[in-house]
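Visitor: The primary structure of each chain is shown beneath.
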Amino acid sequence: MATPDYAQQGFTAMRVELDAGVAIATLTRSKERNTFTGPLVKDLLHAFDLFDRDDRVRVVVLTAEPNAPAFCSGADLSQGWGGLFSPEVDKEGEHAHRDSGGVVSMAIFRCRKITIVAVNGHAVGVGVTGLQLPFDIRFAWAGAKLAFPFVRRGIAPEAASSYLLPKLLGHSRALSLFLTGATVSPDSPLLAGLYHSILPTREEVFPAALALAKDLAANTSQTAVAVTKALVWRGYDNIEEQHILDSRGIRILGKAGDAAEGARAFKERRLPKFSDQLSDDVLTPWMPWWREVNVHHRKAKL
Amino acid sequence: MATPDYAQQGFTAMRVELDAGVAIATLTRSKERNTFTGPLVKDLLHAFDLFDRDDRVRVVVLTAEPNAPAFCSGADLSQGWGGLFSPEVDKEGEHAHRDSGGVVSMAIFRCRKITIVAVNGHAVGVGVTGLQLPFDIRFAWAGAKLAFPFVRRGIAPEAASSYLLPKLLGHSRALSLFLTGATVSPDSPLLAGLYHSILPTREEVFPAALALAKDLAANTSQTAVAVTKALVWRGYDNIEEQHILDSRGIRILGKAGDAAEGARAFKERRLPKFSDQLSDDVLTPWMPWWREVNVHHRKAKL
Amino acid sequence: MATPDYAQQGFTAMRVELDAGVAIATLTRSKERNTFTGPLVKDLLHAFDLFDRDDRVRVVVLTAEPNAPAFCSGADLSQGWGGLFSPEVDKEGEHAHRDSGGVVSMAIFRCRKITIVAVNGHAVGVGVTGLQLPFDIRFAWAGAKLAFPFVRRGIAPEAASSYLLPKLLGHSRALSLFLTGATVSPDSPLLAGLYHSILPTREEVFPAALALAKDLAANTSQTAVAVTKALVWRGYDNIEEQHILDSRGIRILGKAGDAAEGARAFKERRLPKFSDQLSDDVLTPWMPWWREVNVHHRKAKL
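Top line first, the protein sequences correspond to chains A, B and C.
So the first sequence is residues 1 to 302, counted in the numbering used here.
So the second sequence is residues 1 to 302, counted in the numbering used here.
So the third sequence is residues 1 to 302, counted in the numbering used here.
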């Protein structure tokens, strides 16, 4: 792909910068508490599609302005839930609806780069589910209030959170959080394991995330990262098949440039300089090995 | 269904009261340490079947009398394990046996309401597995001794605990507990995440559980709860299919009464008053979406 | 099988002793930091095959000499990754490679006895994955440095660790560890739940593991252990099928000698003396109930 200019993408709900292999996306609708509205959805889908395909991007960090009253205060309920359902989609039948939180979750989840979220403010509903759970690594402000209000508002957890949260934290914690409609802080025992790091002040969250992001952008292999993510999320359900699968990964990566450079750097006691890129198509004959599910509704109309 | 009178159900091993949407089941065979015997199994199956179908029940709390010497001391081994196997069932062949702990686990697990267990005493074997793991939320007394003695008694974990415990806590903790035949207290690192709350005294356990139960009975949607539990336990094994599934849930719930009331209450900054009920059959065209497995043995005899 | 003499097996990278039902395997290439080389792989495969089949072995403990500079410092990178790929296997085509870490993981994972690893030194790469994750129970020295360096060396996690780590600790911790290429100590929150016990000094690790091992060798049922491990790892993906499965386990074990002895010992308030052995074939008509996957590459050459 051509190298996109992130300042020229027409984003209206966030801004994106590229810094030393790190794509930094900052939510900018602080006044509206970064509610999860159509323009934000559109920006996130567009941005994560670019991040996935742009070889220059090795790590993504999503954050909000640290003085925003909220990292993301969830869906905009000023129109009730009706705002969720578009008349156009409804015309296609009752199976056509796709939850917008989930559409965003898919885009983040499918990004083959390392994704980090820096939660430097309060978060509610989809601000916890769609904007946190699909990321690889989560940083949070210790003072953030995190709300899972679904059952207290008459709906169920969305954005594929009923898939992600049990896998991230186990079913016991996930059920406690979902069924009590809990509001908790990041250091709650119910969230143990969810955050890579919890920082005392809002201002420290993004710099800490960025420091890790820059380390990883400089010192990790883009192809090894993509394989690792896929092995963890798209693996098989018995150990023998996973052994055959990761053997194939070791064979393909082990004969490619980054592995040679990794071994050389280790022997020479220096940091590596990785140059393999996803667009080189080293992985293409192998990935995806999994059944790809099309999430789009098939329109009945010809 | 008609509204059952819980005082007239002929329970002999426990008593059941209904209080503000909360069904409270209290084990009453304190003198016998609430051993897991036939009458208790019968009572539990009958009670959880009613709780599942009685619209008035929004939350269930199971507990024991706090002065009982044990919450549940497990199977009654006075007859050895032989008491487990009925001659009638044995006549049907060696595949006909159904573990009674598991039969109870199924009844609790399948209850579509929020289920809470208040473990205010020691628990052994099925008192930990069948009477705790299938619940959504667990409270415990810090001083409770919890024993997983299976491999030390020549049998294996039952009551579907080999399914539930790894999902609740991860395989590492589950294997440590099962294979060491451990006796631990609720604050053991091996149990981290299992209990929603751990209370210092036996007397505090049930009131704490009841307070949460009453909050949830008053402020959560019965239909949203049923969908949430099903999404978590009956979801799909890849994220895209779960996204399609929870989108359907959002579509169905989002157009129903409770979601409208939830949004109204939020805007009006008041507590919601949910009125949708499972018997309204809003969810019936959709649930169960999963393959229902018949656990009963098919008798060969015509 | 005949009873093997562990002193006469020709091990070159470790020594094995049998002590009161506990097979103790000690890595002996301290000078080479117990790197994961061909001779070690060969020894481990041979030893765990014997441990699985030798009725005298009830528990296995793997450890290193406590004064070794490392428990296992991972793959030997002196030849780069090229050393991983044998020309013979490469001739069979690019699907023939089997990761040697994974080959060892399979042998440990398939051992039907209780397996314990006593990590009394630093561990890197396969020294963390293949030599720790497939065990049932892990002990560690608090000062051990544990490194998951894969993405920093241009390869992906191997030895089926992308299967095991998410199941052991959840996907959140697994992704943080894998994608940051972390080096952590056993008490890192990222590893919470991985270690059964963490000891302050290197010298305490093996004795603590051995004490538990001897307790378990004396007081657990060999057949109950084998069923427990299989129920946890080879169970079904819905609770009803698991209930039918563990009911069968209870039926088979409950009518065998060890269960009778377990109940008698409980009633007589004494320790049990279990005598059922895997070679008695009580479990053979039932196990394996799961689909067995052949991990060997099928040679095209006739």
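Worth flagging that the hints you see were computed from the coordinates, not collected in a lab.
Hints should not be assumed to be uniformly reliable.
No copy is singled out in the list; a pair is fine if it fits within one copy or between any two copies.
With a straight-line cut-off of 16 Å between C-alpha atoms, the simulated EDC-like cross-links for lysine to aspartate or glutamate are [stated by the list, open to error]:
hint : residue 1 : residue 2
1    : Lys167    : Asp237
2    : Lys299    : Glu88
3    : Lys267    : Asp187
4    : Lys255    : Glu94
5    : Lys42     : Asp19
6    : Lys273    : Asp55
7    : Lys145    : Asp49
8    : Lys267    : Asp76
9    : Lys255    : Glu241
Remember, predicted model here, so these are calculated numbers, not experimental data.
Visitor: Each hint: holds or not?
Guide: Against the structure, the hints come out as follows:
no.	hint	result
1	Lys167 / Asp237	both (14 Å within a copy, 11 Å between copies)
2	Lys299 / Glu88	within (11 Å within a copy, 53 Å between copies)
3	Lys267 / Asp187	neither (40 Å within a copy, 29 Å between copies)
4	Lys255 / Glu94	between (50 Å within a copy, 11 Å between copies)
5	Lys42 / Asp19	neither (23 Å within a copy, 48 Å between copies)
6	Lys273 / Asp55	within (15 Å within a copy, 52 Å between copies)
7	Lys145 / Asp49	neither (30 Å within a copy, 38 Å between copies)
8	Lys267 / Asp76	between (55 Å within a copy, 10 Å between copies)
9	Lys255 / Glu241	neither (22 Å within a copy, 35 Å between copies)
When each numbered hint is compared with the structure, violations occur for hints 3, 5, 7 and 9.
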